[in-house]
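Protein sequence lines, in the order shown, are assigned to chains A and B.
Here the first sequence is numbered in the numbering used here, starting from 1 and rising by one per residue.
Here the second sequence is numbered in the numbering used here, starting from 1 and rising by one per residue.
Hints were generated in silico from the structure; no laboratory data involved.
It is possible that part of the hints are untrue.
To give a feel for the contact side, a few chain A residues facing chain B, derived at Cβ under 10 Å [said to hold, decoys possible]:
hint : residue
1    : L54
2    : G55
3    : K87
4    : C111
5    : T144
Which chain B residues face chain A? A few, computed with CB under 8 Å, are given here [stated by the list, open to error]:
hint : residue
6    : D17
7    : G19
8    : L20
9    : D24
10   : G55
We put the beta carbon where it would ideally sit given N, CA and C, even for glycine.
2 protein chains.
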Amino acid sequence: MVQWHWSSTPDASWHTDRGLAYGDGVFETIAVMPHGPVLQERHRDRLVAGCRFLGIPFTAGDWIAWWSELTDRGWLHAESQSGHVIKLIVSRGSGGRGYVAPDVARPRAVCIRSAMPEIPRGSVRLSGAQIPVSPCPSGLGLKTLNRLDQVLAATQTAKGCFDTLMSDHHGRPVEGSRSNLFILRDRVLQTPPLRSLAVAGVMRGALLEWAPRLGLRVIERPVTWDALSRSDAVFLTNSLVGAVQVEQVGCLTLPNHNALAEIRSFISQELGV
Amino acid sequence: MVQWHWSSTPDASWHTDRGLAYGDGVFETIAVMPHGPVLQERHRDRLVAGCRFLGIPFTAGDWIAWWSELTDRGWLHAESQSGHVIKLIVSRGSGGRGYVAPDVARPRAVCIRSAMPEIPRGSVRLSGAQIPVSPCPSGLGLKTLNRLDQVLAATQTAKGCFDTLMSDHHGRPVEGSRSNLFILRDRVLQTPPLRSLAVAGVMRGALLEWAPRLGLRVIERPVTWDALSRSDAVFLTNSLVGAVQVEQVGCLTLPNHNALAEIRSFISQELGV
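Just chain A, same shape as in the assembly (with noise of 0.2 Å):
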């Protein structure tokens, strides 16, 4: 049976959440656009998966009551063109003794609201991050509450800089702290294999599985910084922003052919927004 908290739902025993204590749960941010909710149904398998993985009690059918709950009070119409976010995270919740979990866990579902981040119009410019990428235990990117990686990260975004770009312990490029990275050379598409990754966006499984109608190949295979700098675009994902060209990573310049018109046009049309 889990237990639902909308906002400020008043918890006696917040204080002592999994969640909170040790990052025990998972979690998914929704872009809610005014032709509708994006991307719902990777977002619902991401959340089940990692719930499956941890062994929290948090099913498909909690999702879609979930769904029905936000339909009836109102969560997934757009008030304004720009949209809005919804933000589900399932923990654990209380019990257990230390790190052992309880036998039979009543997990914490909290639901938020809030506006929509700023969407980048052109392309962007990166920070290179000191902190490396950590990847999901799973070997799945799955969305956990452990997200301190990220955080340190995003510390290290420069002003004026979208996003900070995470690294292997290569020094090899994989991910910006909110975003995943791709590269796009003579119609083929290259991203990080799924098993070196902290989170597999949604968007990025999406494009994977879209590239075949664009006429792309994919290449699932670790990216090198020689290999950015030769490719005819740059960009990252994610379920908010779709697609964003990359016009510099630190000091370093990347080409800028304009080769992601396509990709953009065709995320627009797929997803209404």
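Take the given structure of chain A and dock chain B to it, following the hints.
Positioned in the frame of chain A, the structure of chain B alone reads:
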């Protein structure tokens, strides 16, 4: 200005706390024995170092204010021989845009009192974990709220085992999910180095400092399975149990020379436990 929460203090904005959202904070768990609280200065120093590393404005002065309040509430007085445990969680509080921290944070300090867990009387058995240790990004073994690796390792603790031994990426044993690892041989104490640890326990730090008074030499160097087998004793430390000898890890039976008696006796005298 810190927001203090004692057990079930109502708090309308707990659901947007960055500790819950991202594990953006640190914590300490302190034993309170009939003789008094155990190793409080070391707990304070680690928590304050963690806040400094994360840029959370919680100082030694805030700790002292907390300690004074703990005294007033009687939380530092053990009502039974087994004592109790007090826990302090300090998160960055609410606010900021996504992972980016707010310019001025208002930390949330959550205070919890709970029963002392069962302390093993004799030697213990351990499970071996599939989950590798991710060293703390600071290289200092700070006790952040990102503890999902430890939760997953604890899940793998077999019935009747005290803890699960986690390994580094070379497969060498590093630490328990809730304890640090030591081996003793020919009056030399060996323990994995600070930079390799997820958490540098306060009891580990104390024991390293006390070693010369026990006539022991200290080596901070990676520990091998072979070294475990050839030791006089293998033991785990944490601030609740002190030092506990390990008799078995998975199928590996360890030496049992009772070489730990002197160390246990010293800890007991030093801490009055």
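Now for the hints, and whether the structure bears them out:
1. The criterion of a C-beta within 10 Å of any C-beta in chain B is met by L54(A), whose closest approach is roughly 8 Å, and the hint holds.
2. Taken as an interface hint, G55(A) checks out: its beta carbon lies about 7 Å from the nearest beta carbon of chain B, inside 10 Å.
3. For K87(A), the suggested interface contact is upheld, since its CB lies about 8 Å from the closest CB of chain B, less than 10 Å.
4. Using the Cβ-Cβ criterion of 10 Å, the hint placing C111(A) at the interface with chain B is satisfied: the shortest such distance is roughly 8 Å.
5. A distance limit of 10 Å between C-beta atoms decides the matter here; for T144(A) the minimum to chain B is near 6 Å, and the interface restraint holds.
6. The beta carbon of D17(B) is positioned within 8 Å of a beta carbon in chain A (closest approach about 7 Å), and the interface hint is therefore held.
7. Using the Cβ-Cβ criterion of 8 Å, the hint placing G19(B) at the interface with chain A is satisfied: the shortest such distance is roughly 5 Å.
8. Residue-level restraint check for L20(B) holds (minimum Cβ-Cβ distance to chain A is 4 Å; threshold 8 Å).
9. Hint status for D24(B) relative to chain A: holds, with the closest Cβ pair at about 5 Å, below 8 Å.
10. For G55(B), the interface hint holds, the least distance from its beta-carbon to any beta-carbon of chain A being 7 Å, beneath 8 Å.
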